[in-house]
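Residue numbers (the working numbering), protein chains in the order written: chain A, 1 to 392; chain B, 1 to 377.
Just so you know, not all the hints are guaranteed correct.
[Said to hold, decoys possible] Derived BS3-like pairs: lysine-lysine, alpha-carbon spacing no greater than 25 Å straight-line:
| # | chain 1 | residue 1 | chain 2 | residue 2 |
| --- | --- | --- | --- | --- |
| 1 | A | Lys185 | B | Lys119 |
| 2 | A | Lys191 | B | Lys324 |
| 3 | A | Lys213 | A | Lys117 |
| 4 | A | Lys289 | A | Lys346 |
| 5 | A | Lys201 | B | Lys345 |
| 6 | B | Lys345 | B | Lys119 |
| 7 | A | Lys289 | A | Lys213 |
| 8 | A | Lys192 | B | Lys324 |
| 9 | B | Lys119 | A | Lys117 |
| 10 | B | Lys345 | A | Lys289 |
| 11 | A | Lys365 | A | Lys304 |
| 12 | A | Lys289 | A | Lys339 |
| 13 | B | Lys324 | A | Lys289 |
| 14 | A | Lys137 | B | Lys54 |
[What the hints assert, rightly or not] Cβ-Cβ distance ranges computed for the label pairs, FRET-style:
| # | chain 1 | residue 1 | chain 2 | residue 2 | range |
| --- | --- | --- | --- | --- | --- |
| 15 | A | Leu220 | B | Pro307 | 42 to 48 Å |
| 16 | A | Leu220 | B | His321 | 30 to 36 Å |
| 17 | A | Thr33 | B | His23 | 38 to 44 Å |
| 18 | B | Asn39 | A | Val187 | 21 to 27 Å |
| 19 | A | Phe65 | B | Gln329 | 50 to 56 Å |
| 20 | A | Val32 | B | Gln329 | 17 to 23 Å |
| 21 | A | Phe65 | B | Val133 | 40 to 46 Å |
| 22 | B | Gln116 | A | Asp151 | 58 to 64 Å |
| 23 | A | Phe171 | B | Gly350 | 41 to 47 Å |
| 24 | B | Asn122 | A | Phe65 | 37 to 43 Å |
Just so you know, these hints were derived from the structure itself, not from any lab. If you're wondering where the values come from, they're calculated on a predicted model, not measured in any experiment. Idealized CB from N, CA, C, for every residue including glycine.
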Amino acid sequence: MSTKTTTIGPRSMEEMAAFERELDAIRDEVQVTIGERDAAYIRRILRIVRTTETLGRALLMFGWFPPTWLLGAFLLGISKIIDNMELGHNVMHGQFSWMNDPRFQGDSFDWDNTCPKEEWRHAHNFVHHTYTNVIGKDRDFGYGLLRLSNDLRWSWLHPFQLLLTFLLAAFFEWFVAIHDMQMDKVVIGRKKWSDVQPQWKLVRAKIWRQVRKDYIAWPLVGLAAGAAYGVATGGAVLDLATDGALAVLAGNLVGNFIRNFWAWAIIFCGHFTDDIYTFNRESIEGETKGQWYLRQILGSSNIKGGKLLHLLSGNLSHQVEHHLFPDIPANRYIEMAPKVQAVCAKYRVPYNTGRFIPQLLTVFKRIARYSLPGGSQKAVTIEVDSMLPEKA
Amino acid sequence: MPATVTPPATVSATRRVASWLNHLGVSNHAFDDTVGLLNPLLTVHRLHAKVVAKQSETPSACSVTLQAGPAFTGLVPGQYVMISVVTNGVRHRRAYSPRSVDGRVDQFTITVQRQQGGKVSNHIHDQLKVGDVIEIEAAAGDFTLPTPCPADVLLIAGGSGITPCMSMLEHLRRERSNTRVTLIYFARSRQDRIFAQALDAMASQWSALRYVPVDSVANTAASLAGAQDTLTPELLNQHVPAWQSVAAYCCGPAPLMDAARDLWKAAGVSQRLKLEAFAPARPSGDPNARHLIHIVREGQAIDFEAPGNETLLVSGEKAGHAIKHGCRQGICHECTCRLNSGSIKDLVTGERIDGDGQPVRLCVSAALSDLQLESMG
Chain A
1 MSTKTTTIGP RSMEEMAAFE RELDAIRDEV QVTIGERDAA YIRRILRIVR
51 TTETLGRALL MFGWFPPTWL LGAFLLGISK IIDNMELGHN VMHGQFSWMN
101 DPRFQGDSFD WDNTCPKEEW RHAHNFVHHT YTNVIGKDRD FGYGLLRLSN
151 DLRWSWLHPF QLLLTFLLAA FFEWFVAIHD MQMDKVVIGR KKWSDVQPQW
201 KLVRAKIWRQ VRKDYIAWPL VGLAAGAAYG VATGGAVLDL ATDGALAVLA
251 GNLVGNFIRN FWAWAIIFCG HFTDDIYTFN RESIEGETKG QWYLRQILGS
301 SNIKGGKLLH LLSGNLSHQV EHHLFPDIPA NRYIEMAPKV QAVCAKYRVP
351 YNTGRFIPQL LTVFKRIARY SLPGGSQKAV TIEVDSMLPE KA
Chain B
1 MPATVTPPAT VSATRRVASW LNHLGVSNHA FDDTVGLLNP LLTVHRLHAK
51 VVAKQSETPS ACSVTLQAGP AFTGLVPGQY VMISVVTNGV RHRRAYSPRS
101 VDGRVDQFTI TVQRQQGGKV SNHIHDQLKV GDVIEIEAAA GDFTLPTPCP
151 ADVLLIAGGS GITPCMSMLE HLRRERSNTR VTLIYFARSR QDRIFAQALD
201 AMASQWSALR YVPVDSVANT AASLAGAQDT LTPELLNQHV PAWQSVAAYC
251 CGPAPLMDAA RDLWKAAGVS QRLKLEAFAP ARPSGDPNAR HLIHIVREGQ
301 AIDFEAPGNE TLLVSGEKAG HAIKHGCRQG ICHECTCRLN SGSIKDLVTG
351 ERIDGDGQPV RLCVSAALSD LQLESMG
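This is chain A alone, in the form it adopts within the complex:
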């Protein structure tokens, strides 16, 4: 591995401490003003999720009639996107637990997704957010499938990783559901299947609930609606009932695909754009809060856009702010971003941001480049003195 030295961010321990204090101050300033405004915001998001889902599912009851079917599937997809991202992801981070409202508690909230809430909270809130972009620790970096930096060993699988990425995007919720079971380790024999059993039980139960809802229960409602329409109009009851069920089934399938592709795109733009750095396990030992902050910024990228993009991305368009302050209500990131950007400029820390399509293109570029051996060095070691006495 190359030993090129890049100088990023604070130059001394004193500067690092000042950097930490300034970011802490941004957090504290917002923390004291959290209240009714944020509660009203998340309640509104919940209303939007429920309204779009109700409308979407209602429209799918009209069978294959293109205007209603297309709009129904689209609205259902939007509803699932907002449920998973702006509502679910943020609530499950505990951003709204202070409300003490059982609808918004991080530990009991469950989302419209095949990934069980317990698995998500461990894999995402703990592993990913604590060890962001640390190779060998943060399993979100490439999901144990993709090679996205040159500090990962190349293998015969990687030339196919663009194709694999397409599958990952299409079936994103399913990959996320089994993500924390670490099946790649089971396959290569580093983990026993019996160790994964308790997790698999949770995952299986959640998958069954989702399948029963989207692919059995709602199609049965569609079947009943079609039959009722047939009886009322004197049409072919059997045909109309079958059509009704199939239209709902297909609509739900499309709704899930819409959510999967979108969630995949947003998440990949958050951590796998071109200017993202990775870290090794040793470099985070005895890390200070300031160094942790620095790593979060170097490992995340934002997406520029309007309010709609922020809403539909679950404010992961403010991935940097989210990684710095994962339990601050997401609706506040927009006001924190300019302050964070100013601190970054002051301490010469690159603040990675860009518009959605260009960012997504750099993601594809990255996936394509590292599908072949080699690739440019993106691994960095944060080289200011550690706080630990033995390293001082």
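Place chain B on chain A using the hints.
Frame of chain A; chain B shown alone:
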């Protein structure tokens, strides 16, 4: 006892429909919220009640009469009901002892003493008005009279601790019970005595009630001037010579309850005394104090001691317990538990949290008192 009733058929049917809708992905919360759009009192999981009357009892206490919906199954006199109000986006839950209105199942009155700096009591006094809807929970608690009611009952109340006792008294009066009741009621002064007139009237009309009002500031903040009478064997012997053999109930400030607990213990009849407290535990503020921590996780309890200058996670681990956690720095919420009682200091915000079911993170919390926690992960 006019105890609790089974919910009407409409409520069971509504719950059944809600459980069917669960299969379609409609959560109980979504169901309740939707029903609530029509009428908030018709919710069947999270219950609500409407304020139908509000009146002042003393300069610092007011009574609020609430109309509950059909899913509220009534109360046994002496039980408490959790009331939730939302202030600045935060839902706060507190226990109050309700009195049934004329023995009705669906209407009850709570009496709220204004607490200095109290979020809920001040909200109820200053903001809550007739027509407002607040969240309630089913009645609970075992500070209740046995069935059948014994021939003699002793009630000892202090300050707003009169509320469950008043609920029992009104019930016995309504039922024309033959039970002889003695009420020893400590209050700072006549002016501060909640239900002063109602109790005088009740005592004059009801020969089986012996009413002993005691003006005393002994159990309140020490700086107040006034009589210092406390609960003593002399006082008990004077009014209830057989106090050791009757069913006794005590509700009031901590010093009063401590005195009662000691007296009954010394007499060897602790089992005849029932105590009820719902004031928040007071933080000791003593860095050397070791607090008793009780955490329930999936039905299994762990207990350990924690000093106030260490996080609960570290104390628990030092005591040899494996406690579920993640980042250890307050980020990931893996170690979050519900704080059901007691007070902690949140080391991130420096804020003190008095437990009424809020989620707290063990890795950034230090104990200020004994704690009851429930792991949710």
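Going down the list of hints, with the structure as the test:
Our distance criterion of 25 Å between C-alpha atoms is broken by A:Lys185 and B:Lys119, whose separation comes to about 52 Å. Proposed proximity of A:Lys191 and B:Lys324 is supported: the alpha carbons are some 21 Å apart, at most 25 Å. With a CA separation close to 17 Å, the supplied pair A:Lys213 and A:Lys117 stays within the 25 Å bound. Straight-line distance between C-alpha atoms of A:Lys289 and A:Lys346 comes to about 18 Å, which keeps the hinted pair within the 25 Å bound.
The straight-line distance between the Cα atoms of A:Lys201 and B:Lys345 is roughly 37 Å, outside the 25 Å bound, and the hint therefore fails. Restraint check for B:Lys345 and B:Lys119: satisfied, since their Cα atoms lie roughly 17 Å apart, inside the 25 Å limit. Note on A:Lys289 and A:Lys213: the hinted pairing is violated, with a Cα-Cα distance of about 44 Å set against a maximum of 25 Å. Proposed proximity of A:Lys192 and B:Lys324 is supported: the alpha carbons are some 22 Å apart, at most 25 Å.
This hinted pair does not check out: B:Lys119 and A:Lys117 have alpha carbons roughly 32 Å apart, beyond 25 Å. Of the pairs offered as hints, the one joining B:Lys345 and A:Lys289 holds, with about 21 Å between alpha carbons and a cut-off of 25 Å not exceeded. With a C-alpha separation of about 19 Å, the suggested pair A:Lys365 and A:Lys304 falls inside the 25 Å cut-off, and the hint holds. A threshold of 25 Å between alpha carbons decides the hint, and for A:Lys289 with A:Lys339 the separation of about 18 Å falls inside it, so the pair holds.
Of the supplied pair hints, the one linking B:Lys324 and A:Lys289 holds, its CA atoms being roughly 23 Å apart against a limit of 25 Å. The straight-line distance between the Cα atoms of A:Lys137 and B:Lys54 is roughly 59 Å, outside the 25 Å bound, and the hint therefore fails. Against the hinted window of 42 to 48 Å, the Cβ-Cβ separation of A:Leu220 and B:Pro307 comes to about 59 Å, which falls outside the hint. A beta carbon spacing of about 48 Å between A:Leu220 and B:His321 contradicts the range 30 to 36 Å that was offered as a hint.
Between A:Thr33 and B:His23 the CB atoms are about 41 Å apart, so this pair conforms to the stated range of 38 to 44 Å. Checking the proposed 21 to 27 Å range against B:Asn39 and A:Val187 shows it is violated: the Cβ atoms sit about 56 Å from each other. The supplied range of 50 to 56 Å is met by A:Phe65 and B:Gln329, whose beta-carbon atoms lie about 54 Å from each other. Look at A:Val32 against B:Gln329: about 20 Å separates their beta carbons, and that is inside 17 to 23 Å.
Restraint check, A:Phe65 to B:Val133: a C-beta distance of roughly 41 Å satisfies the suggested window 40 to 46 Å. Between B:Gln116 and A:Asp151 the beta carbons are some 59 Å apart, a value that agrees with the proposed interval 58 to 64 Å. A beta carbon spacing of about 46 Å between A:Phe171 and B:Gly350 agrees with the range 41 to 47 Å that was offered as a hint. The supplied range of 37 to 43 Å is broken by B:Asn122 and A:Phe65, whose beta-carbon atoms lie about 57 Å from each other.
Of the numbered hints listed earlier, those contradicted by the structure are 1, 5, 7, 9, 14, 15, 16, 18 and 24.
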